[in-house]
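Undergrad: So the sequence lines, in the order shown, correspond to chains A and B.
The numbers in my numbering rise by one with no breaks, and the one at position 128 of the first sequence is 128.
The numbers in my numbering rise by one with no breaks, and the one at position 239 of the second sequence is 239.
Hints should not be assumed to be uniformly reliable.
Identical copies go unnamed one by one, so any copy, or any two together, can satisfy a pair.
[Unchecked claim] Straight line, CA to CA, 25 angstroms or less: simulated SDA-like cross-link-like pairs of lysine to any residue:
#1 K281 <-> A270
#2 K281 <-> R27
#3 K113 <-> S173
#4 K165 <-> H279
#5 K281 <-> V299
#6 K281 <-> Q129
#7 K248 <-> S116
#8 K113 <-> K281
#9 K113 <-> T151
#10 K281 <-> G56
#11 K248 <-> S173
#12 K248 <-> A236
#13 K113 <-> P143
#14 K113 <-> P149
#15 K207 <-> R136
#16 K113 <-> S252
#17 K113 <-> Q144
#18 K2 <-> P234
#19 K113 <-> N178
#20 K113 <-> H279
#21 K165 <-> P143
#22 K165 <-> A245
No lab work stands behind these hints, which were simulated from the structure alone.
2 protein chains.
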Amino acid sequence: MKDALYGGVNAAVLTPMHADLSIDLDRMAAHCRWLLANGCNGLAVLGTTGEANSLGLDERIAVLEGLVERGIPAARMLPGTGTTNITDTVLLTRAAEAAGCRGALLLPPFYYKNPSDDGLLAYFNEVIQRVAGDIRLYLYNFPQQSAVPFTVSFIDRLRSANPGKVKGLKDSSGDYDNALAYVEAFADDGFEVYAGDDSLLKPLLEKGSAGCITAAANVNCAIGARVYAGWQGPDAAAAQTMLTATRKAVTSVPLIPGLKALVARNTGDAGWHNIRPPHLKLTEAQQAVLFNTFDASGVRLAKAA
Amino acid sequence: MKDALYGGVNAAVLTPMHADLSIDLDRMAAHCRWLLANGCNGLAVLGTTGEANSLGLDERIAVLEGLVERGIPAARMLPGTGTTNITDTVLLTRAAEAAGCRGALLLPPFYYKNPSDDGLLAYFNEVIQRVAGDIRLYLYNFPQQSAVPFTVSFIDRLRSANPGKVKGLKDSSGDYDNALAYVEAFADDGFEVYAGDDSLLKPLLEKGSAGCITAAANVNCAIGARVYAGWQGPDAAAAQTMLTATRKAVTSVPLIPGLKALVARNTGDAGWHNIRPPHLKLTEAQQAVLFNTFDASGVRLAKAA
Numbered sequence: 001m002k003d004a005l006y007g008g009v010n011a012a013v014l015t016p017m018h019a020d021l022s023i024d025l026d027r028m029a030a031h032c033r034w035l036l037a038n039g040c041n042g043l044a045v046l047g048t049t050g051e052a053n054s055l056g057l058d059e060r061i062a063v064l065e066g067l068v069e070r071g072i073p074a075a076r077m078l079p080g081t082g083t084t085n086i087t088d089t090v091l092l093t094r095a096a097e098a099a100g101c102r103g104a105l106l107l108p109p110f111y112y113k114n115p116s117d118d119g120l121l122a123y124f125n126e127v128i129q130r131v132a133g134d135i136r137l138y139l140y141n142f143p144q145q146s147a148v149p150f151t152v153s154f155i156d157r158l159r160s161a162n163p164g165k166v167k168g169l170k171d172s173s174g175d176y177d178n179a180l181a182y183v184e185a186f187a188d189d190g191f192e193v194y195a196g197d198d199s200l201l202k203p204l205l206e207k208g209s210a211g212c213i214t215a216a217a218n219v220n221c222a223i224g225a226r227v228y229a230g231w232q233g234p235d236a237a238a239a240q241t242m243l244t245a246t247r248k249a250v251t252s253v254p255l256i257p258g259l260k261a262l263v264a265r266n267t268g269d270a271g272w273h274n275i276r277p278p279h280l281k282l283t284e285a286q287q288a289v290l291f292n293t294f295d296a297s298g299v300r301l302a303k304a305a
Numbered sequence: 001m002k003d004a005l006y007g008g009v010n011a012a013v014l015t016p017m018h019a020d021l022s023i024d025l026d027r028m029a030a031h032c033r034w035l036l037a038n039g040c041n042g043l044a045v046l047g048t049t050g051e052a053n054s055l056g057l058d059e060r061i062a063v064l065e066g067l068v069e070r071g072i073p074a075a076r077m078l079p080g081t082g083t084t085n086i087t088d089t090v091l092l093t094r095a096a097e098a099a100g101c102r103g104a105l106l107l108p109p110f111y112y113k114n115p116s117d118d119g120l121l122a123y124f125n126e127v128i129q130r131v132a133g134d135i136r137l138y139l140y141n142f143p144q145q146s147a148v149p150f151t152v153s154f155i156d157r158l159r160s161a162n163p164g165k166v167k168g169l170k171d172s173s174g175d176y177d178n179a180l181a182y183v184e185a186f187a188d189d190g191f192e193v194y195a196g197d198d199s200l201l202k203p204l205l206e207k208g209s210a211g212c213i214t215a216a217a218n219v220n221c222a223i224g225a226r227v228y229a230g231w232q233g234p235d236a237a238a239a240q241t242m243l244t245a246t247r248k249a250v251t252s253v254p255l256i257p258g259l260k261a262l263v264a265r266n267t268g269d270a271g272w273h274n275i276r277p278p279h280l281k282l283t284e285a286q287q288a289v290l291f292n293t294f295d296a297s298g299v300r301l302a303k304a305a
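Please model the complete structure; the sequences and the hints are all you need to start from.
TA: Right, here's the structure in full:
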């Protein structure tokens with residue numbers, strides 16, 4: 001689709017850490033540069049893959065500011081700013097706008113299970129009203145983790161109540177039909193639907209989606225970019241097959257430590273394995289499975305600088 | 001059981017708000033005084049019922065400090081200090097100790113579904129190590145909301161790794177057998193198990209539990225105290241029946257707005273209805289159902305000062 005703020009491949013950027021689990025902003029900025037140089041259009045920092053919910057409130061702000069200070073273009077960043085509550089969600093979203101971001105990706109208030117659509121609407125209306133400003137909001141549909149799905153009728157009500165504010169959605173349901181319903185309902189109005197599952201990139205581009213925002217893009221962005229650039233061309237099917245194979249590989253083990261292990265291997269930097277509990281580093285056996293299945297996809301990572 | 005820090009009836013204290021949804025600390029302190037004067041032994045502020053996950057990080061600290069400033073005894077408070085991450089959990093738990101609290105009630109890192117026991121153990125070990133200090137930790141088992149249950153074997157490992165630190169558990173599973181398993185495994189060592197469901201107060205006291213921490217105690221603490229004071233006596237069965245009836249009444253409608261409605265009625269203060277989205281005030285119809293079923297229990301609230 002045209003005029004998408006984050007059209008193309010966006011990585012749900014990993015958050016590297018020092019041995020004491022503090023955030024390594026230098027290593028993170030280097031990884032962001034590698035992503036932008038290797039096919040990523042945008043950087044969805046501070047999402048599930050970025051362990052945002054394992055970071056403290058101040059740490060989340062420090063990541064935003066620290067990356068901008070290190071020269072990462074804020075306009076390419078789509079930070080996760082959703083929390084369980086209005087107060088901190090507003091604070092983070094305003095910090096994202098202050099840092100120069102054009103959009104922010106919002107989880108629903110995920111502590112509460114099965115809130116009513118009226119309650120969710122009141123929540124997001126309050127967030128949007130308090131954020132004010134020009135930043136555009138993207139909804140993060142991830143019912144397996146947040147337990148709160150966004151329905152088409154809910155999005156319709158939210159957009160009507162807040163014209164021009166809600167610009168798109170990342171769908172991590174993994175369900176093609178669910179994502180397609182968003183595209184069919186809203187894409188004509190410029191609503192940007194992003195696949196959260198690499199295997200759905202080409203199928204949803206064919207229907208009018210804006211691209212993808214995925215965890216696996218930390219390692220498969222170059223091949224994702226090939227799919228995006230040529231999805232109507234002769235190479236697309238083969239590229240999508242490779243992309244789907246990398247997705248399968250990284251989801252064959254715990255996802256976040258697995259992605260960190262692949263980056264550790266590519267950078268030769270064992271510090272990349274550091275991860276906050278309750279996540280744990282991969283075992284040797286898990287790592288062997290991952291490396292074998294990933295390498296079998298045929299994808300090779302460009303060396304880090 | 002003897003020597004429990006919070007032995008008896010503890011209310012999961014409601015958080016009153018102004019019309020703009022900011023926290024009303026004066027009204028909250030008055031409610032705390034009413035609870036202590038009407039049968040509550042302890043005040044489990046900032047829990048699920050206190051909408052803690054609808055409050056910002058700074059607001060949670062402001063509640064602790066604001067109540068102490070208003071004369072609420074910190075030694076009677078058992079604040080919820082669990083968040084999704086180590087950083088803020090440590091910050092809140094240290095703030096609780098600094099405010100004078102002897103214990104804090106910790107949710108597991110609830111964003112992640114089904115973390116491994118090894119991962120959970122690493123999480124809590126890190127929290128305990130960083131908190132340092134003398135504050136005792138209580139685990140909050142609420143799998144319906146947090147999706148992460150604490151097993152007996154997990155608690156055993158955690159206590160062994162951190163001698164003297166993990167002093168008890170609130171079980172909101174609503175499952176008698178689950179709570180009983182904790183009591184049987186650990187009560188002899190002074191581990192305080194609190195029922196999260198009023199209907200289990202007497203049955204679990206008979207087995208060696210320390211009391212209860214419940215939402216309904218905001219309105220039924222006087223009758224809960226009767227059960228606790230005389231659970232081996234002739235009045236206990238009748239008191240438990242009334243207590244269970246109030247529990248049924250308040251869970252016949254959305255729990256938190258329902259409790260706020262009952263306090264609003266008792267205080268004659270409509271401001272008590274204020275609640276943060278995604279929770280919503282009760283409808284008139286829901287309120288009628290609640291008031292009818294609650295009044296049918298025979299329990300009458302002592303007038304607020």
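Undergrad: Evaluate each hint against the coordinates.
TA: Against the structure, the hints:
no.	hint	verdict
1	K281 <-> A270	within (11 angstroms within a copy, 52 angstroms between copies)
2	K281 <-> R27	within (18 angstroms within a copy, 47 angstroms between copies)
3	K113 <-> S173	both (16 angstroms within a copy, 15 angstroms between copies)
4	K165 <-> H279	between (34 angstroms within a copy, 23 angstroms between copies)
5	K281 <-> V299	within (23 angstroms within a copy, 54 angstroms between copies)
6	K281 <-> Q129	between (41 angstroms within a copy, 20 angstroms between copies)
7	K248 <-> S116	between (34 angstroms within a copy, 22 angstroms between copies)
8	K113 <-> K281	between (29 angstroms within a copy, 17 angstroms between copies)
9	K113 <-> T151	both (15 angstroms within a copy, 22 angstroms between copies)
10	K281 <-> G56	within (21 angstroms within a copy, 31 angstroms between copies)
11	K248 <-> S173	within (16 angstroms within a copy, 36 angstroms between copies)
12	K248 <-> A236	within (18 angstroms within a copy, 59 angstroms between copies)
13	K113 <-> P143	both (10 angstroms within a copy, 11 angstroms between copies)
14	K113 <-> P149	both (10 angstroms within a copy, 16 angstroms between copies)
15	K207 <-> R136	within (23 angstroms within a copy, 56 angstroms between copies)
16	K113 <-> S252	between (28 angstroms within a copy, 17 angstroms between copies)
17	K113 <-> Q144	both (11 angstroms within a copy, 8 angstroms between copies)
18	K2 <-> P234	within (22 angstroms within a copy, 76 angstroms between copies)
19	K113 <-> N178	both (20 angstroms within a copy, 22 angstroms between copies)
20	K113 <-> H279	both (23 angstroms within a copy, 11 angstroms between copies)
21	K165 <-> P143	within (22 angstroms within a copy, 35 angstroms between copies)
22	K165 <-> A245	neither (36 angstroms within a copy, 47 angstroms between copies)
Of the numbered hints given earlier, the model fails hint 22 alone.
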